[in-house]
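> Going down the list, the protein sequences come from chains Y and A. Numbering of the first sequence is given in our numbering, commencing with residue 4 and proceeding in unit increments. Numbering of the second sequence is given in our numbering, commencing with residue 3 and proceeding in unit increments.
Each hint should be verified, as a subset may be incorrect.
Derived coverage of chain A by chain Y (criterion: at least 3 residues anywhere in the stretch with Cβ under 8 Å from a Cβ of chain Y; other residues may be distant) [what the hints assert, rightly or not]: (1) 32 to 42; (2) 55 to 63; (3) 97 to 108; (4) 114 to 121; (5) 287 to 299.
Here are some, though not all, of the chain A residues that point toward chain Y, as calculated from beta-carbon distances under 7 Å [to be verified]: (6) Val-124; (7) Asn-127; (8) Ala-281; (9) Asp-284.
Looking from chain Y toward chain A, a few residues come up when the C-beta cut is under 8 Å (computed) [what the hints assert, rightly or not]: (10) Val-164; (11) Arg-351; (12) Gly-358; (13) His-407.
Calculated directly from the structure, the hints in this document are not laboratory data. Everything numeric in this text was worked out from a predicted model, so none of it was measured. All C-beta atoms, glycine included, are put in the ideal place defined by N, C-alpha and C.
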Amino acid sequence: MTRAIALLSRPIAAIPDARRRQILIAVLTVAALAFPLLHDNDADIDAAANAAAYATLALGLNIVVGFAGLLDLGYAAFFAIGAYAYGILTSFQVMPPWSAFWEPFAFLYLVERLQQPGGDVVHFTVSFWIMLPVSALLAAFFGVLFGAPTLRLRGDYLAIVTLGFGEIVPIVVRNTDWLTNGAAGLNGVQAPRLFGVSFGVDALPYYYVAIAMVALLIFVSIRLRDSRIGRAWMAIREDETAAMAMGIDRTRTKLMAFAIGAAFAGMTGTFYVAKLQTATPEMFGFPVSVMILVMVVLGGMGSVWGVVLGAVILQLLQSWWLKDLSEWLHTLGAAIGNAWLQQIDLTRAVELIFGLILVFMMLYRRDGLIPATRKEPALNFEQQHAEVRRGGALPLAGLGNSDHGGLDVRGVTVRFGGLVALNAVDLTVPPSSVVAVIGPNGSGKSTLFNVITGLTPAESGVIHFDGADIQGLPPHELLRRGIARTFQNIRLFNNLSVLDNVLIGQHARLTTGPLAAVLRPPAARQEEADARIRATEIVSIFGNRLLPRLAQTVSHLSYANRRRVEIGRALASQPRILLLDEPTAGMNPAETLELAEQIKGLHDLGLTILLIEHKLDVVTRLADKVVVLDHGEKIAEGTPDEVRRNEQVLTAYLGRGTLAKATADA
Amino acid sequence: MTFGDLLLQQTINGLSLGAMYALLALGFTLVYGILELINFAHFNVFMVGSFVGLWTLQAMGLSGQSVILTGLPLLGVMLTALAVTMVVSGVLGVAIERLSLRPLRNVRGPAAMITTIGVSYVLFNIVLLTAGADSKNYPNPLPPLTWALGDAVLRLREVLIWIVAVALMLALHLFVQRSRLGKAMRATAQDPEAARMMGVEVDRVIVIAFFVGSALAGAGGLIFGLYYNFTSFIIGFTAGLRAFTAAVLGGIGNVPGAMLGGVIIGLIEAMGSQFIAAAWTDVIIFSILVLVLVFRPAGLLGRVAPNRS
Chain Y
4 MTRAIALLSR PIAAIPDARR RQILIAVLTV AALAFPLLHD NDADIDAAAN
54 AAAYATLALG LNIVVGFAGL LDLGYAAFFA IGAYAYGILT SFQVMPPWSA
104 FWEPFAFLYL VERLQQPGGD VVHFTVSFWI MLPVSALLAA FFGVLFGAPT
154 LRLRGDYLAI VTLGFGEIVP IVVRNTDWLT NGAAGLNGVQ APRLFGVSFG
204 VDALPYYYVA IAMVALLIFV SIRLRDSRIG RAWMAIREDE TAAMAMGIDR
254 TRTKLMAFAI GAAFAGMTGT FYVAKLQTAT PEMFGFPVSV MILVMVVLGG
304 MGSVWGVVLG AVILQLLQSW WLKDLSEWLH TLGAAIGNAW LQQIDLTRAV
354 ELIFGLILVF MMLYRRDGLI PATRKEPALN FEQQHAEVRR GGALPLAGLG
404 NSDHGGLDVR GVTVRFGGLV ALNAVDLTVP PSSVVAVIGP NGSGKSTLFN
454 VITGLTPAES GVIHFDGADI QGLPPHELLR RGIARTFQNI RLFNNLSVLD
504 NVLIGQHARL TTGPLAAVLR PPAARQEEAD ARIRATEIVS IFGNRLLPRL
554 AQTVSHLSYA NRRRVEIGRA LASQPRILLL DEPTAGMNPA ETLELAEQIK
604 GLHDLGLTIL LIEHKLDVVT RLADKVVVLD HGEKIAEGTP DEVRRNEQVL
654 TAYLGRGTLA KATADA
Chain A
3 MTFGDLLLQQ TINGLSLGAM YALLALGFTL VYGILELINF AHFNVFMVGS
53 FVGLWTLQAM GLSGQSVILT GLPLLGVMLT ALAVTMVVSG VLGVAIERLS
103 LRPLRNVRGP AAMITTIGVS YVLFNIVLLT AGADSKNYPN PLPPLTWALG
153 DAVLRLREVL IWIVAVALML ALHLFVQRSR LGKAMRATAQ DPEAARMMGV
203 EVDRVIVIAF FVGSALAGAG GLIFGLYYNF TSFIIGFTAG LRAFTAAVLG
253 GIGNVPGAML GGVIIGLIEA MGSQFIAAAW TDVIIFSILV LVLVFRPAGL
303 LGRVAPNRS
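Extracted from the complex, chain A is given alone in its bound form:
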């Protein structure tokens, strides 16, 4: 492979990873924007979403990579899997908010963050104890279509991942910018107290943020399985940290920022593992996290978060 082709190949890989991280980063950003809370449970909502996708695909009779579908059956299966995964993940997110975070809404200090760590641990271990520690082969009914671009290869699954991710992000962007609830959400992020006085049902806005964020994380989990052909109980931690870095890099609380950050982190991971060493990828990414937080806490696109003290 020539250097140019290598670069192209890693760009393709990076954009796919980036799409996944962006979907995951959006959940961090939505919740942080409103509650100023780093939601560690989100790490494993993503992981659970991946398993929900797995079980949904299996329930439709798919296992491994043996069954190949085309045309309408493929579309039907994929849309069903996506919808079920997103709804279940979204409901899980809402349940987490209602049961463990709402009672702590007005408690100062790190209590809520510690709770999300606990919830994350619970999800992680429930999956470990029920599904087992071995990684699971992920059903993938996509036909093995590929396009050669020089020596680089573009696969159908990558194109589909991009289409799904862009469609979801576009939908989210329109929802936040155009809809009434989206406006309420932006108002709450600015100032929950003032929004409440203007008749915004803050509790409802928070529930929506958790639902939407968790549903997107679920979609990310499904994409993870389709991209890597496996899933496991451990995938949440690393992916979650990278996605959180993406959210911070783009400017936490900022929706387009999370998308941009996701793509950048995806590209860094792909390029880093090609041109540096996969073993150091996380060191590079965490170093970026620290550097951004220290030198540009507002991120690439964000404004400086108002200090509500």
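In isolation and in its complexed conformation, chain Y is listed as follows:
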């Protein structure tokens, strides 16, 4: 049996990956288009159209939850907004008195004049095809409106706020009778028309519209995912602080995810109401938000094809499988005379099944049915044991850019409660120099880096870079101005590849926006291609350490290689000054030496470097100037040799007793 499968799968395996994907997509497309022709059952086509509508919702939520990692529990609210927007503008719910004001709208077929005994009124008759994009925009607008104040919050708070928001919308709908007809729901919603023919209640045209929407949104999702925008979302999801430090505007990026996800839902809302020709507040409550979440979780968070599969499975479960299964049980019950079996109704247990899916997927298969990231095979023996090529800094464009006024820190003080982490520290880093900051643990070195890169606010003092006051600027703006850093405890985007990490480093230097990401005009294509070449060039600074591992997930790399990726990521941002926080920590002597040489190479190109380092041989080798911190104060500054002879420094590092002994020995 296994041999037969192996034999059969061999020709499939021989087809290249990309080609296999194309074939699969073609087969799926043909199947989706042919389904109603082969299976002429209106109820089933209707169920399939619903499944497709839910697939579009799942695709939208996937952008928010899967790509950007923002748990939105009120997603159905945007569905409701799109639904009611269409419902109100095509039904007889709101009918203001007719006046000349409406003439131009009537001319555009957006409204019509209804003759009524009490005076003529306006009947809104906005076309379905106009409302699709309008609802998308409206929902996106509400996404921004509700997202703007809440997206600053920690992830778990965001979940509860969106849940609250998701509850508020149906309540408002229920309580504003004049606009929405309250709990009774909107009725008489107009069916879409195409070339003068109404869709009516036949499921077939809705099915094809839904399939077209799914295809469109899959396309948009994939284009976004593989772009600068998608990478920024995933960076935020993986590590918000590191993402900000790498030039990603946190609020803007999150809002974009929220708005685009909402737009998908708004569009689907319009479709759904046009199909049902009615809308009630119950259609958009918390259970709907959870159902969409279950689809995303089942299929795989972040996996475009996965969430579509999840939506289809859950819809089929609800409309077919549970019913069939219940009927089989009834038949079985009748056959063996069991009354309980004959009464069982599994469709009532569908939410129980949702709950179980959430729990079991989280416990046993968090990546879902179709995981978003495919595991790259590890390197083979030969690749792993290839002779190390040292690499070195090539004169890449933008690297070693030294036409700036350097960094100037004056009197910076930072306090954490009662603890003074930095006390009036001064530091100057002239252009094209290497300055090392040393000091015992807890002396304030990393705090100094955090202040310079905008992660920790300073209580007082001024920081200038290239002559401009930069204090108080957000981290992403500082990176844009050319201040890039690495972190002491490595903060990479762990579930992304080496290539993606380095590409995210270029975020601030690239310009592709969401629209260009989807449409991919030649300029965007070129920019992406250049960015990839550049990433490869930067990685080659580290010889063949990273080059063969470009497609590997960084969490699978060795510690030293992760440090190299982090430095590469910082270099990708074309820094004018590079802040390295203990770059050689955790490396063996040979690796340390190798990295020191590579840093030296960068310096030789003219790159300005500020370095925290414990290994004094590295400091001596690289630094033009050494600054010593102890208990948040600068206790010494000078060339490596001067600092090494400084008594205060010896005391700080070794304690007084040792100093006395050292002096006595001398």
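Fit chain A to the given chain Y structure using the hints.
Coordinates of chain A only, in the frame set by chain Y:
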């Protein structure tokens, strides 16, 4: 009724609701303080607790409001119902932690929160499928004693609810502040890693937090039934969200804050439904939630939660 009496009446109602929300909010706060996890399962632990109370009272031969007890029998029945409800709810909370949350302890991201949503759904639907969708008449053996305060009415059940709630909260406060385990709990909330190194059994502390929090939610569920004379499978969601708002308002992770927040939310609900409109109560409460989170995430009494990233 004069305006003053109306205000007094709604204060009485609000304090009773507030006592219930406070008990529920404490469970959110205890778990959040230690695990930084919003436990959506807590919503329906409260609901299950309400049903456990119902079944316990029924098992003791009470049904509806027909049987009135006084004196020692009343005390015995009420204490038994309270004890059984709290223990069963507490065990349920511990089971949820052990089976579904402990395996995810070190998983980053929203996995644990999504799991609690799933667990909440499971509880909700198990009760729906076994007990049915209709709301249940809640046994209430309390004698219909009332005191008139002007036109406002104070009933015995309200006084008892206050006594029980205050006693439980006082016990919790003493437990957290004075006992060895309470100290371990506070240490774990500050820094689980450091607490572990100092010999605190973090797993045990978490189990205790779930037990205590869920037991209090169970007590809240019993109070719900006694106060409204009914219970149903749907009560968890709204009450849970309001109680969560209370926890956030008071400062999540902060025990006295949860109590204060509960009382405030209870009063807002009572006043809102009297002076604005019951239909808008939840909009008001959720708006408070959003405003507090946006402008004062530390809540009324809380400190800013340390960002453990």
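> Decide, hint by hint, whether the structure agrees.
We went through each hint and held it up to the structure:
1. 32 to 42: holds (count 3)
2. 55 to 63: Check failed, 0 qualifying residues.
3. 97 to 108: It holds: at least three residues are needed, and the region 97 to 108 of chain A offers 3 whose Cβ sits within less than 8 Å of chain Y.
4. 114 to 121: holds (count 7)
5. 287 to 299: holds (count 7)
6. Val-124: holds (4 Å)
7. Asn-127: Nearest chain Y Cβ about 4 Å off; hint holds.
8. Ala-281: Holds, because the Cβ-Cβ distance from A:Ala-281 to chain Y comes to roughly 5 Å (cut-off 7 Å).
9. Asp-284: holds (6 Å)
10. Val-164: This hint holds: Y:Val-164 lies near chain A, its Cβ roughly 5 Å from the closest one there, short of 8 Å.
11. Arg-351: This hint holds: Y:Arg-351 lies near chain A, its Cβ roughly 7 Å from the closest one there, short of 8 Å.
12. Gly-358: holds (3 Å)
13. His-407: violated (31 Å)
When held up to the earlier numbered hints, the structure conflicts with 2, 13 and fits the remainder.
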